[in-house]
Amino acid sequence: MATQTSPMRDYIFFAVFAVAVLTMPVWLEPIGAGYPDLLQKFAIFGLFATGFNLLFGLTGYLSFGHAAFLGVGSYTAVWTFKLLGMNPIPAAIMAVIASGLFALAIGYVSLRRSGIYFSILTLAFAQMSYNLAYSVLTPITNGETGLRVLQSDPRLFDGSTESDGPLLSNLFGIEMTGYAGFYFCAVVLLIGFFIAQRIFRSPFGIMLRAVKTNQNRMTYTGLNPRPYTLAAFVISGMYAGLAGALMCITDPLAGAERMQWTASGEIVLMTILGGAGTLLGPIFGAALIKYFENIFSAFNEQTLHEIFGFLPDWIEYPIVSVSSLFVGEGWHLTLGVLFMLIVIFLPGGLMEGIARIRKLFRRKPGKAEPSGAAAPAE
Amino acid sequence: MEILRVEGVNKSFGGLRALNNVNFSVEEGTVHAIIGPNGAGKSTFLNCMIGRLAPDTGTVKFGDISLTGMKPYEINQVGVSRVFQTPEIFSELTLLENVMIPTMAKRDGVFALHAFKRLDQDTEIVDQALHMLEDVGLAEKKDSIAGSLSRGDKRRLELAMCLSQEPKLLLLDEPTAGMSRADTNNTIDLLKRIGDRGITKVVIEHDMHVVFSLADKVTVLAQGTIIAEGKPEDIKGDPRVQEAYLGGAHL
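Chains as they are written, first to last, in full-length UniProt numbering: chain A, 1 to 378; chain B, 1 to 251.
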C-alpha cells in the first residue's frame, strides 16, 4: 500500500511514466516490440486495464463483462465516423458517452448483487450484448461482417473532401495510422492514467477501497456503498468505451467478436497478472500479454527446430513436438501456465514481484531496516 | 430528557419469539446497560434499534425521528453510531484512513463524488482524524494497516471511528468480549473518559464488572422480555435477576 504520497511525488511519477510511454518506440525496439501496430495495442489495452482496475482493483467487484463496453465504444466510434466524419475526437467523446450510459444501465441492475453473482450478471449482460450485436441488431452493427465506414456515408463535416482509397481516421489531416496513431493512443492513455492517479488519491478512491474492505462498516458509518460502486462501474465502463474507440480510430472497423466473453476474460487476466489495485500493474500486465501474444503466436514448428537445432535429433524432436503445443495457435497454453505461476507465487502480480526485488536491493547495503517502513506489509 | 424511546417492539424468527413487547427508553447523557443471559434477545434488540432488523411491530424513536424503516446509513447520519461485537473496521486500510472515512461521512453525507481532489491535502479531515487517533492512543500507529492490530487496539480503533462522527447516541455490543482483564480495564477507562463528551451510550454487556463500573441504569432482558430495570445497585440485589440470569449465584 502506498503510505507516503505527496502531490510532488505523484507529479514526478506521472512525468516519468509519460516519458516512458512516449519513448516506447525507442526503448522497445531491441526486443522487437517497437513497431506501431503493437505499440498501439499496448496503449489501448493499457487504458482498458487502467479503467478495469478502477472497478476491480479498488472496489473488488469483478466484472466479467467489460468487453461489452469496449464493443459499444467501437460501434459508437464507427457510427460517429459514418455520420460526422473521420476526426477521432468526436468519435472518442461519443464513445465515452455511449459506453457510460450503457454501463449505467448494466451497473444499476448488476450491482444489486455482489461477489460471484455480480460477476455472473455482468457476464450474462455481455454475452447478451454480443449475441444482439451478432444477430438482431445487424442494421446497427452489420452483424458478422463488422461495421465499417463506406464512401457513401454522409460524413457531415468531411464527406466531400476524400474521394478514393481506404477511409482512415485523421486528426486535422494527420492520418491515425502507424506512429501517429500510436501517439494519439499514448496521449489518451496518459490522460486516462492521470485521471486514475487522481482517483486513487481522492476521497472517492478511498471510499472505493472501503467498499472492498468492509461494506458492513461502511453502511453503519453513514455511507451508502451503492452509488460509490455504480460510479466506479460507470467510470470504468467509460474507460473501456474509450479504449474501444481507439481501436476504431487506428483501424475504422468494429466487429461483434470484440464483445465476446474471452475478451472480457483477457482484461481480467491482464489486471491480475500485473497487480490489481496498483496504478502501473494493469498496464504492465496488458503490455506483457500483448507482447507474448505477438511473440509466441508467431512461432511455428520451423522456428522451434531452428531454436533447438543444436540438440541431437532424438532429443530435438520430442522437445519440439511438446513445445509446439505452446506456440502459434496454442499460445494461450503459455499464457495459462504463466498466469498460474504468477497467481501461485506472486498473488499480488508483477507489481508484487517488483516490490520484492526492490526490498532485496534495499536490504543489501547491510543497514538495519527502519521498522516503520516494513511494518505495513505484515 | 429522553433521547431514545422504544415502544411495543415484537420480533419473531419463525416460531421463536425473540422480543416480546419491549418498552425501553434512554435518558440523554447517560450510560444505559442491557444485560441478560445468552439468547435473551439483547443483540436482536440492538439490531432492531439500528435498522439491521425490522421489528414485526412497535416503534423506535430517536428524539423526534422514527428510526423504523430507515436504512442503516440514514440512521447513522442522524447521529447513531454502533460498535460491533467483533470489531468492524477497514482492515486493509491504514488507521488514519480508517478514521478519515467516518469523518468524511459526517461532513459530506451518504455519497459525495470527490474524485479529483487529493485526500492528503484535505487538512480539515486529516487533522480531525489524527486528533481522534491521539485521543484513543493510537496516533503512533497511524500508518499501520488496521488488520495487523491486536484485538484490543482494533476495538479502540472502532471506537475512534464511531467517536469521530460525534454521534448523539453510541451503541456498544459487548465492547469487551474476548478481551483480557487488562484490555477490559483499558476499555472501561476509555469509555469513561469519553463519557464527558456528553454522548449517550447503550451498552450490551456480559461482564458484570464492566456493567457496574460504567452504567447509570441497567435493564435486564430474559427470554425477550424486560424483567427488571433500575440502578446498578438495585439490580445487583434483585432476586428475580439473580434467578433468571445467574441461577441464584451471588454477584
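Rather than coming from a laboratory, the hints here were simulated on the basis of the structure. It is possible that part of the hints are untrue.
[Claimed, not checked] Derived coverage of chain B by chain A (criterion: at least 3 residues anywhere in the stretch with Cβ under 8 Å from a Cβ of chain A; other residues may be distant): (1) 116 to 127; (2) 176 to 185; (3) 209 to 220.
[Stated by the list, open to error] With beta-carbon atoms standing in for the labels, derived distance ranges: (4) P139/A x E166/B: 29 to 39 Å; (5) R363/A x D120/B: 54 to 64 Å; (6) S152/A x L113/B: 50 to 60 Å; (7) I120/A x D143/B: 49 to 59 Å; (8) D120/B x I93/A: 23 to 33 Å; (9) R356/A x T123/B: 19 to 29 Å; (10) I93/A x G69/B: 22 to 32 Å; (11) R193/B x P227/A: 43 to 53 Å; (12) F339/A x G69/B: 32 to 42 Å; (13) G69/B x V16/A: 46 to 56 Å; (14) N10/B x H332/A: 38 to 48 Å.
Don't be surprised by glycine CBs; every beta carbon is placed ideally from N, CA and C.
Status of each hint after checking the structure:
1. Coverage of the region 116 to 127 of chain B by chain A holds in this model, with 8 residues showing a Cβ closer than 8 Å to a Cβ of that chain against a need of three.
2. Only residues whose beta carbon comes within less than 8 Å of a beta carbon in chain A count, and the region 176 to 185 of chain B has 0; fewer than three means the coverage is violated.
3. For the region 209 to 220 of chain B, the stated coverage by chain A is not satisfied: 0 residues place a CB nearer than 8 Å to a CB of that chain, which falls below the threshold of 3.
4. In this structure the hint that P139/A and E166/B lie 29 to 39 Å apart at CB is violated, the actual value being about 59 Å.
5. Range check, R363/A to D120/B: about 28 Å between beta-carbon atoms, so the 54 to 64 Å window is missed.
6. A hinted range of 50 to 60 Å is violated for the C-beta pair S152/A and L113/B, which are about 44 Å apart.
7. The given range of 49 to 59 Å is broken by I120/A and D143/B, whose C-beta atoms sit roughly 38 Å from each other.
8. At about 32 Å, the beta-carbon gap between D120/B and I93/A stays in the expected band of 23 to 33 Å.
9. The hint said 19 to 29 Å for the Cβ distance between R356/A and T123/B, and at roughly 35 Å that hint is violated.
10. Restraint check, I93/A to G69/B: a C-beta distance of roughly 43 Å breaks the suggested window 22 to 32 Å.
11. Evaluation of the 43 to 53 Å hint for R193/B and P227/A yields a failure: the beta carbon distance comes to about 36 Å.
12. Checked against the given bound of 32 to 42 Å, the beta carbons of F339/A and G69/B, roughly 48 Å apart, lie outside it.
13. Between G69/B and V16/A the C-beta distance comes to about 54 Å, which sits within the given range of 46 to 56 Å.
14. Distance hint check: the CB atoms of N10/B and H332/A are about 60 Å apart, inconsistent with the given range 38 to 48 Å.
In terms of the numbered hints stated before, the structure departs from hints 2, 3, 4, 5, 6, 7, 9, 10, 11, 12 and 14, listed from lowest to highest.
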